[in-house]
Amino acid sequence: MSIGKYIKDVFSGLWSLVVGLKRTLYYFTHHKEIITEQYPETKPVLPERFKGEVVMPHDEKNEHRCTGCTACELACPNGTIKVITKFDITPEGKKKKAIDKLVYRLELCTMCNLCIEACPSDAIKMAQTFEHSVYDRSQLNKVLNNPGSKIMDGVE
Amino acid sequence: MIEESFTTAEGDLVINVGPQHPATHGVLHLVITLNGETIKKVEPHLGYIHRSIEKMSESLTYRQFIYVTSRMDYLSAHINNHACALCVEKGLQIEVPGRAQSIRIIMDELTRIASHELWWGAMSMDLGAFTPFFHAFREREVINEIMEETCGARLTMNYMVPGGVMADIHPNFQRRVKDFITLYKKKIHEYDELITGNIIFQNRMKNVGYLSSEDAIAYGVTGPAGRGSGVSCDVRKHSPYEIYDKLEFDEVLETAGDSFARYLVRIREMNQSVRIIEQLIDNIPDGDFQAKTKAVLKLPKGEFYQRVETARGELGVYIVSEGGTTPYRIKYRSPGFSNLSALDHMARGSKLGDLVAMMGTLDLVIPDIDR
Amino acid sequence: MQQAELKDIITEWLPGATFDENGQWLNVNVEPKDLHLLAVKLRNHEHTQFDYCFCLTCVDWKTHLTMVYHLDSTKFRHQVVVKVKLDAAKPEVETVSDLWKTADFHEREVYEMFGVHFINHPDLRLLILPDGWEGKNPLRKNFEDPINMIKL
Amino acid sequence: MWSFSHIADLLHEWLSKTFNPTFTLIIEMVLAGVAVIGLFAALGLVLVIMERKVSAWIQIRLGPNRVGPKGMFQSLADTLKLLVKEGMTPDGADKFLFNLAPFIAMIVAMLLMAPIAFANNFQFWDMNIGVLYISAISSISVISILMAGWASNNKYSLMGAMRSGAQIVSYELSAGLSVLSVVVLTGSLSLNDIIHSQENGWWIFKGHLPIWISFITFIIAVTAETNRAPFDLAEAESELTAGFHTEYSGMKFALFFLAEYVNVFIVCAIGATLFLGGWMPFHIGHLQAFNHVMDYIPSSVWFFGKTFFLIFVIMWFRWTFPRLRIDQLLNLEWKYLLPISMINLLLVTLMAIMGWHF
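Chains as they are written, first to last, in this note's numbering: chain A, 1 to 156; chain B, 1001 to 1371; chain C, 2001 to 2152; chain D, 3001 to 3358.
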């Protein structure tokens, strides 16, 4: 190794370090580049497609669109959804299948969206909630239909 | 008694790197035999997060099994899903609409950039530089937000379905991708300033973990790791899927075969991914985003194999069908598993500190290895 | 090399091999005892040069097991699939890890998941399963694990 | 004007009037001890929060911002947490040495405080061999690391300790040689004399190229000596998890942590004293007005300002560079730093002999 190359090595090495130092000094002095989000104070705005949790929308008359066809139950890869059906008696005196409970186990859900794709009557959708932590695992077993709710007219 | 248990009969030190270790980024367990600081043997012990995805897939239908594969290589979740969707489509002989193909490729390439950015940060952190990690996450976060807006999730999207994609792109998608490309071009030179040109980094990387091209082929090392050894192993080039054969991009090849070559391949590959996205983003064809498929998919009896290029290398999906609604047997040929098998060969004779550089440039994702 | 040429050249080496051309690639079915011989030829012959084994796995057909080797040539970019039918009770086949080093790990995986014994394998130990795992092979169709079963 | 020396003089006067000389000495020693321990605690808190803020801003983060105004009490909260944590001793460890090691680290750091001039005429002990004393005592710190690494009965700890041993012993050389170049120019080993020799300009502003070289060598060498990144091989977390203090927890860990920061402070204080003029204010030639304004700033502010600037530089290094490998670390010392600083010392000696410096 010649002396010239030795000195050149030392200087090019030092220069490469200085380039890096310049970059970090830039960020040290430019505080408007900071990207930290202060989470609990400023909540993130989640897009409407965000898959947080399966919910069943009800209208103001406490009616939902679920016919109890179990398409979502069959589509779910994890057995997250369990449809418990009952038989209602319609005013004409006929027996009609309806849901008693639609049990949704959030702990098993992977938010894969397959149940919503499978639903023929758009009865369920994804909500944008994401703070799911609870103190007891049983609280993650949810019944999606409201108590006393019934199926909307015209949904078959 | 302390002295006896400390070393082997030959006087070598055996240390367990992992299953919990800062450099393994997961639960990889390497049993390393050391002579002083020099590595004599590296023996991987796997299975700490083996979830038996292959066995699980045997009981799921062809629509359902795709979501599990997001959990294999969680950094290229889109590409894993893509591979499965392609394999099912191959069996069903579905023609995917052009719009879906373009969207799929844009998503794949965005995933690749996000994955390489995380790799860049994590690898620099392994080498002791913490700052790049946060700088890389700044750009990665933009991609994650694009994903969140269109696919509804940030990491495990399950956006690809047999026949196309699950939903059409968000109206903001094109604008935000273009914004990302602008940001990326503005920031990419900082990566070189911070890490690539740094003399310490170059000394840590050059001539470390040499893998000849013959060995790379023999060990089945693919992806950026294989291309760093001069092996032309880009599946997108040699057996193109979707519309990759119509796109202009270069297969990045480096011939040095050391860690620095693997590093350069990844950095340049990000530029190629940006190039692919730029070609497609303004030319997404109109039409359906999903082909018409039956509600219950049944693959004909036979065997189907699909190779795709993930961020880590070649992913193979091998479906054996008996004609039912669920696959009879699924094998995922994961890139990480083969890449890891070369680690012992690469590491012998190097220093302990080099192991970190090697693991970093092989870009091991442990769930991908264990499946 | 085209499928027909490959078929000819393999028939020349191994007259007993049978072929299946329905799939994506040419499938070659051979006897376990012929596997290593064929593998050496495929790997080293100047017209085939299958230097890259991109997938190695096993399928449990309940009555028998099938080893599946997917081979690729980085020079000619042609592919071939070699299949070996193995006895379900005592599956044994010679290793190919001396030809393709990647087979080392893949064969260890097949060994523990399917119980296939690879003759002459340099280091046939458990790779993924925990130490002390005995007998049962998780990816076999008759595998049952009543303790860890998740009941929904 | 209220300066440190003024307060110290007043205190001394009052004590001498009230008590007999022996008693005065004892009280003064106790007070000095309390002052050092107080300085330690304050330094630990300040430097930890400083490091976290510097790293945060470099990494485009906000850093601690929850405890107290702008997160300024974060390190206090951390210290409280470490104090109440259980200090565990591993089963196979050599218990005596394991528990002793963090205290040795602290004692060494405390001893190094003695000859440092914190302000004009304010020094615990103005000894005539101050520089020699510092190089002698700072070499002892390696013992605590070796002790911790060996006694932990952990392979990672042992490797970290061995690396640290090799590292500190080698970098002592170039640190010593670069300090020597200032000593040669000054002609004295006393820190006080060295400061006074910079009355008409700090050494690095006097325009001597060799002094610049020795300043850079000094900064690199002391970064290595205090086991700071990019030379933190003793605790390289991606290789050795935490190196020599892998097995330490609670307050014993905190002592190591504190000793590291105090060591950084001390080497930076020495650097500031030798090259940046200690508590000397910044003067420009004959600009009398400017110089008077500078004189008006208390000497302690000058000293701490310079020291904290050097500390910032070392932190800046840490958050920019990747870590070296052990053989490269030794290469850097033996192939680059040592020859350069030796030739440099030769040059400086020539300068001193020929009287070329001013």
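No lab work stands behind these hints, which were simulated from the structure alone. C-beta: ideal position from N, C-alpha, C; glycine also. Please note that a few of the clues may not be correct.
No farther apart than 25 angstroms at their CA atoms in a straight line, the calculated lysine to any residue pairs in the SDA-like style are these [unchecked claim]:
hint : chain 1 : residue 1 : chain 2 : residue 2
1    : A       : Lys43     : D       : Gly3063
2    : C       : Lys2083   : C       : Pro2032
3    : A       : Lys32     : B       : Phe1130
4    : D       : Lys3070   : A       : Lys101
5    : B       : Lys1351   : B       : Thr1008
6    : D       : Lys3155   : B       : Gln1020
7    : A       : Lys32     : D       : Val3048
8    : A       : Lys86     : A       : Lys101
9    : B       : Lys1040   : D       : Gly3165
10   : A       : Lys32     : A       : Glu48
Computed spacing ranges between beta-carbons, pair by pair [stated by the list, open to error]:
hint : chain 1 : residue 1 : chain 2 : residue 2 : range
11   : A       : Glu131    : D       : Trp3212   : 55 to 65 angstroms
12   : A       : Lys43     : D       : Ala3035   : 25 to 35 angstroms
13   : D       : Asn3128   : A       : Lys8      : 26 to 36 angstroms
Hint check:
1. A/Lys43 with D/Gly3063: Holds: A/Lys43 and D/Gly3063 sit about 19 angstroms apart, inside 25 angstroms.
2. C/Lys2083 with C/Pro2032: 9 angstroms, holds
3. A/Lys32 with B/Phe1130: 20 angstroms, holds
4. D/Lys3070 with A/Lys101: Violated - the C-alpha atoms of A/Lys101 and D/Lys3070 are around 51 angstroms apart, more than 25 angstroms.
5. B/Lys1351 with B/Thr1008: Holds: B/Lys1351 and B/Thr1008 sit about 19 angstroms apart, inside 25 angstroms.
6. D/Lys3155 with B/Gln1020: Holds, at roughly 15 angstroms.
7. A/Lys32 with D/Val3048: 24 angstroms, holds
8. A/Lys86 with A/Lys101: 9 angstroms, holds
9. B/Lys1040 with D/Gly3165: 23 angstroms, holds
10. A/Lys32 with A/Glu48: Roughly 29 angstroms separates the two Cα atoms, so the pair is violated.
11. A/Glu131 with D/Trp3212: 55 to 65 angstroms: Since A/Glu131 and D/Trp3212 have Cβ atoms about 57 angstroms apart, the given range 55 to 65 angstroms holds.
12. A/Lys43 with D/Ala3035: 25 to 35 angstroms: 48 angstroms, violated
13. D/Asn3128 with A/Lys8: 26 to 36 angstroms: Roughly 43 angstroms apart at Cβ, these two residues miss the hinted range, so it is violated.
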